[in-house]
Structure formats: structure tokens, C-alpha cells
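Residues per chain are reported as follows:
2 protein chains.
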Amino acid sequence: MLTISHRGEQMPPSPIRKLVPYAEAAKKRGIKVYHLNIGQPDIETPQQILDAVRHSDFKILEYSHSAGNESYRKKLADYYARVGINVTSDQIIITTGGSEAILFGMMACMDAGDEVIIPEPFYANYNGFAVEAGVIVKPIGSSIETGFALPPIEEFEKAITPKTKAIIICNPNNPTGYLYSKEEMEILKQIVVKHNLFLFSDEAYREFCYEGTHTSALHLTGADDNIVLMDTISKRYSACGGRIGAFVTKNTSLLSAVLKFAQARLSPPSFAQILAEAAVDLPADYFDTTRSEYKKRRDTIVKRLNAIPGVFCPNPGGAFYAMASLPVDDADTFCQWLLESFDYNGQTLMLAPASGFYGTPGLGKQEVRLAYVLNTTAINAAMDCLEKALETYNK
Amino acid sequence: MLTISHRGEQMPPSPIRKLVPYAEAAKKRGIKVYHLNIGQPDIETPQQILDAVRHSDFKILEYSHSAGNESYRKKLADYYARVGINVTSDQIIITTGGSEAILFGMMACMDAGDEVIIPEPFYANYNGFAVEAGVIVKPIGSSIETGFALPPIEEFEKAITPKTKAIIICNPNNPTGYLYSKEEMEILKQIVVKHNLFLFSDEAYREFCYEGTHTSALHLTGADDNIVLMDTISKRYSACGGRIGAFVTKNTSLLSAVLKFAQARLSPPSFAQILAEAAVDLPADYFDTTRSEYKKRRDTIVKRLNAIPGVFCPNPGGAFYAMASLPVDDADTFCQWLLESFDYNGQTLMLAPASGFYGTPGLGKQEVRLAYVLNTTAINAAMDCLEKALETYNK
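Line order of the protein sequences matches chains H and P.
Here the first sequence stands for residues 1 to 395, where the numbers follow our numbering.
Here the second sequence stands for residues 1 to 395, where the numbers follow our numbering.
Hints may contain errors.
No copy labels: a pair is met if it fits in one copy or bridges any two.
[Said to hold, decoys possible] As a list, the in silico SDA-like pairs of lysine to any residue whose alpha-carbon atoms are at most 20 Å apart:
#	residue 1	residue 2
1	Lys395	Ser341
2	Lys303	Asp343
3	Lys295	His6
4	Lys260	Glu9
5	Lys158	Thr221
6	Lys75	Tyr344
7	Lys18	His65
8	Lys138	Ser181
9	Lys163	Gly134
10	Lys250	Thr213
11	Lys27	His65
Bear in mind the hints are in silico, worked out from the structure with no lab data behind them.
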């Protein structure tokens, strides 16, 4: 019989997108839906970087270098220097989105059957890339009560087996918004050095920190071979559709291996490399404006959530996500109900049930992730809906 | 010890790019190098499709749908209808280059340890994607004497084991330029139906056929579940840097699986989808012009090659590659020598040694691939160099 692969069957569907048909049906009924479910920012892409593409004047849309244009890699090294990360252009491989950097890292560092430890809840697509690479995800718990801080070192050591090859963190975190402290990053370094592991640090949200400062994995010293930075311009410049990311490491044998993966797929997208290169020249205050807008939204959503009876939302230190526990038995059912059976003055909201972000079945059933990618007026309207919805749902 | 993966070690380096340092050194010595080694066309990308991107006026570079913009998929279905391929927009998943379509196909149809049969010589990056997917490539021979025609059906049947899941062909072929006949495509269909295999048909060069007409795998009837079309705009519109391809099948369970792989990496590049959509509206004679230019080049290069003593080049029916056997013991050494130790009036040429396109070690040692991506004046100059080089080399 002709069948697809087990891998194709095991590949997880996107947990964020599974409610989409219910949202579409709600819109067809004339309901306004506030989308707090997905990390697509409403912040405009800076005009001058879109113009860099629109004013380009080449005649042939050629392959770039497989590692990305050298001119862009040099510029990107300048950007990194400004955030205290000292790397050279040849320690950077430009990838097709942060997604490809994660996949390349898993493939180049791990074989089928190897294990990777990830504090849960975590970015759900790590599961997908792990299935593609045949790698086994070993989640260890972080909890909403402690605001999703790094689990104690003993939890990591309990999870480490001879098959363990890497730890993945996302800092600041998607979905929790947690910003790892310098002390926590130092602890991670000690673990990876002691146990000969790779530390994959997904820093997609680096520029969006509201409490304290960001500690990049590449700020750590004495672990050059262990550390891999996985990066993307998607959120930094509201340029998700560009599909430009970066794989950054000082480990030369890993760089050589990843370059072979990069050569197999020929090159990252050319248009968006022009945009990404121009982005490095944005005025120094560009992130201040965006960051203060996101901070205002965070302050609004966290305050509104915690004011609803039975709701708890720890204050996220970065990114543009908040996790909240709701007074419901099953957030999946509640989120579907919000779209299928509820409206308040013709409006409702779409949330991401947190269960999809946990690796351990049964965890996070009362939690949701809220992406504060809408302006404060919309956030307030959405919170009005949520408040009324919980009242109605629990009657 | 901290080590990269076996997969990372086994990943093949690009055979086309390994001579690059010698070419760079030659240029530094002031030598003009004719690049016949790589499939980067010199044909200009049509102005109107570049303008579609340059005149775009969106404010946020958003993620597209994971399967690609619906507007583009609908247009692409129109394009396919014009070449006799009847598919709907929901049978198309837009990929990041043809590369990703191949990788998705291998991952969704095959598990680690499964086997794929590919007539050799073949596009070298199939090896890389196979390593990524843990799939074993089983080459079967086609030879320069028969112009690289499809091997007899018995060769396929001898190679099929219980682990065999798919056959890959590239039509017209890279690296051989061979255009499979309707009869050969029917034979392939019979094999895949009889043995419950997938047929992956890489049709990147569909529009460049100079002898007879193109038979797409999707022209075949009665094997809808078995057939996967892997496509790209890279060569068709001289838009290699766009990174837009397509995975096309009527097999619904395969489509569902591939959509999950597509969701994990979020979306294909947005800018180039605009370009690709505009490309469907190019005037009907667009391909006539490009095709006649490539045909002129093919005629020139094949004639020149066969006029050199000891050289044999079968006439390729399509694509923009020719394979030639040379009167040398080892084409790898000869190609390096061309760059390191030879020039004719300050000029030399860069060729791709064919060994990298064979799966069986030791095959193709006297053969080279020539990409006729330069105009006829340059081709003639390069052939002058080759003629002199062989004289000198064999003295």
C-alpha cells in the first residue's frame, strides 16, 4: 500500500492555527475577532527598509552566497557588536527565517534518537523541527507560579542522559515572556560545559526587554564551542514575511557542517537580505519607540488580566507574550467557545490555548498565551470581552 | 566530548562549489574565467516582475499563509492549466525554492532507512536532502552512450527492495539535459503503480525543451496518489534568489502531511511570492524568446564540443546543461588544472566535474557538466580555451 511516512504522521499540526476555522466562521457571522493568538505584530515595517527593496536596481534576481551576502553578514556583525555580541561575519550563516536556524542546529548537532532538553512551556514548532530531525524532546517544567523562571539545576541534571546533546532556551521567552537573568544564563553555561552539551539560544525577541537587560548566550565566556545563537529579523523589525534569520556560533566544525546544509538549499531569499541589511542602519532610537509601545501594551494587558476574578498573569519581562491561568477547566474548550458561542456587543477574542506549548501531556490546561500585538485600545476591548466571557462561561 | 552529529559529518559538500577557491585565485592573477560550472542564468529577470515587487505598497511585511498566498496559488494553477496540468490551488503548497519541495517530499513520504531510486548522474543536492531525511539513495545507471535515456525497466525492478518508497527523476534533466519521452514517463508510471512507490518529478526546467514536447508527471493518468511534482520559478523566470518553489500533488493525505511541515517553518518568502504571481501574467511569448536563446547556445556548445578530438557530447533535449566526456583520466584533476595552471590569452573556463553527480563511486570520472548560461560569444571563447587546454594537457 502507498503510505506517507511515520514522520509525516507524527509531525504535529500547528497548535496556534487549529482554532482558525472557528475564527473564520465567527467573522462570517459578522463578529469582530481580536487576534491575540499569533505573534504577527501590527507594528509597521520601517518604511526605509521596505524602500531599500523597492529602490533596488539589480537586473537579475540571483542566488546569494549560501551563507548569505557577505555585505549583509558584515553589517549584521556590526549590529551584534552594538548589543555586546562580538562575532565576525564568517561566524554567521544567514538562514531562511529563525526556523531554518533551529532546524540546521538540530540536524548538525544531533542524530536520530538523540535528546534535547527544553524548559516547558516552549515554542511549539520546536516539536516540529525535532520530528523532522528525529530528535526526542525532553521537557522539564517551569511554572506560572514562579513566572516561568529557569528550573533548578537539579531538574536539568535529572533529565540529562547519555543521549542528551543540547538544551534549547528562548530568551526572552515565547510563550511565557520570561527574561532569563545573567545568573540563570551562567547556570546554563555551567551545565552545558560540564555535560558537553550545546546551548541553543533563540533570541528572536532580544530587543523587547522591559525589565532589566538582555543576556545573550554569546555574552557568556569560556563556552565558545557549546553556544549557538539562533536569530531572526521577523519580530525585531516587524518583517516576518522576509524569512531572514541567522545561525551564529564560534564553533568552527559546527559552522562547516551548517554551511553544507546551507549549500544544499542553495541560498536564503535575496530580496529580504537587502531589507535586513538596510535594517542595521535604522536610527539608534528605532527600538526605543517600538519597545515603549510594547511595554505600554504589556502593562495594559497584565493589569487588565489580573483584575479579572480568578485570572493570574505573571508580569513578563520581555517578548510580546503573556501567559495567564484562567478560571476554566480546559482552556482549549474555552478558546473554541469564545469563537463559536460567545460575543460581547458583536466582538470576541482569539487566544492560544497553552496546552500546545507544553511537551508533557495534561499540563497547562488552564492556561492561555496572549500575544499583545494589538494597540491598547484593541487590547482593552479584548479584555472587556474576556471579562464578560468568563462571567458567562462560569455561570 | 562535544561533537557535531554524524549527519553533519556525512552531509556532502557542494560538488559544484569545491573548485571556487581555485577560480578566485585565478581571477586574482588577472585571468578571465568563463563560468560554465553553475546553473545561474545570465538571462535578465523580466523587468515587469521585478517591478511588481518594487511597486508593491503594503505597510507590514507579514507572514503569508503557510501554503503560500491563496492569490498566488490560484494564479499558479492557471499557469499549470496552460501547460496541460490540471490542479486546483489547494493541491499546491508554495515552498522556499524547489529545494524545500524536495526536502518536504522526502520527509513526508520516507522514514530514516527507507530507499529512493534515482537514475544517475543526478542533481547532487538530492544527496544532501537524503542525508537530512536519513533516506538512502539507490542510484541506477544511465550512460552517456545512450544520451542518458531512462534505464531499462529491469534495472528499476532489480533495485526495488521492501524499503524502496520513491523514484526521483528530473525532467528535463540536470545534469544531463535529457528530456524523458512520453513512453518513458508511462513506463515510470507503471513501475510506481505496480510497486506502490511515489514518483517525485522535478520539473524545474519544464519550459526549456528543444526537441519534442515535455511530458509532466502530472500529465500521466491513473496514478494521482503516487505522483508529486516538485517545481520552482528559479530557472523559469531567471529568479533563483527569490526562493519560490512548489510542491504539487493530488494525494490528499500527503498534502495534509506536507502542510504540517510548511506550518512548522511558518511561511515561504513574501516578497518573491509577489514576483512569482506577476510572472504568471508575462506575455505568452516570454518563453519563446528565452527558449530560442538557450537553443542557440546549446547548438553552439554541442557543435564546438563534438568538434574537439576525443570529446563526446550527446545532444541534450532540454534544460541548459550538457554532459561531455573528455579525453582525460580524471576530470576533477583536469578542472582544477584549468583554473590553477592554464590560460589561453589570459582566459580559462570553469566546469563542473561529473563525478559529484554520480552516486556510484568511480563513475563519470572522464565527464564534465557544462551549463550554457553564457551568451554564444562567451561560449565560443570558452570552447577555444577548452580546445587549447586539452591539447596542452595531453601533451
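Now the hints, each set against the structure:
Only within a single protomer do Lys395 and Ser341 lie at most 20 Å apart by alpha-carbon distance; the minimum there is 14 Å, versus 86 Å between protomers. Within a single copy, Lys303 and Asp343 get their C-alpha atoms no closer than 22 Å, and across copies no closer than 74 Å, so neither meets the 20 Å cut-off. Taking identical chains as interchangeable, the C-alpha atoms of Lys295 and His6 are never at most 20 Å apart, the minima being 44 Å within one chain and 44 Å between chains. Taking CA atoms no more than 20 Å apart as the test, Lys260 paired with Glu9 passes between copies only; the shortest distance there is 9 Å, against 28 Å inside one copy.
Taking identical chains as interchangeable, the C-alpha atoms of Lys158 and Thr221 are never at most 20 Å apart, the minima being 25 Å within one chain and 56 Å between chains. Taking the shortest alpha-carbon separations for Lys75 and Tyr344, neither the intra-copy value of 49 Å nor the inter-copy value of 39 Å comes in at or below 20 Å. Only between protomers do Lys18 and His65 lie at most 20 Å apart by alpha-carbon distance; the minimum there is 14 Å, versus 37 Å within a single protomer. In this homomeric assembly, Lys138 and Ser181 never come within 20 Å of each other (Cα to Cα): the closest approach is 23 Å inside a single copy and 51 Å across copies.
In this assembly of identical chains, the alpha carbons of Lys163 and Gly134 lie at most 20 Å apart whether taken from the same copy (13 Å) or from different copies (18 Å). For the identical chains of this complex, Lys250 and Thr213 are neighbours neither inside a copy (23 Å) nor across copies (51 Å), given an alpha-carbon limit of 20 Å. Taking the shortest Cα distances, Lys27 and His65 sit within 20 Å of each other only across copies (18 Å), while inside one copy they are farther apart (44 Å).
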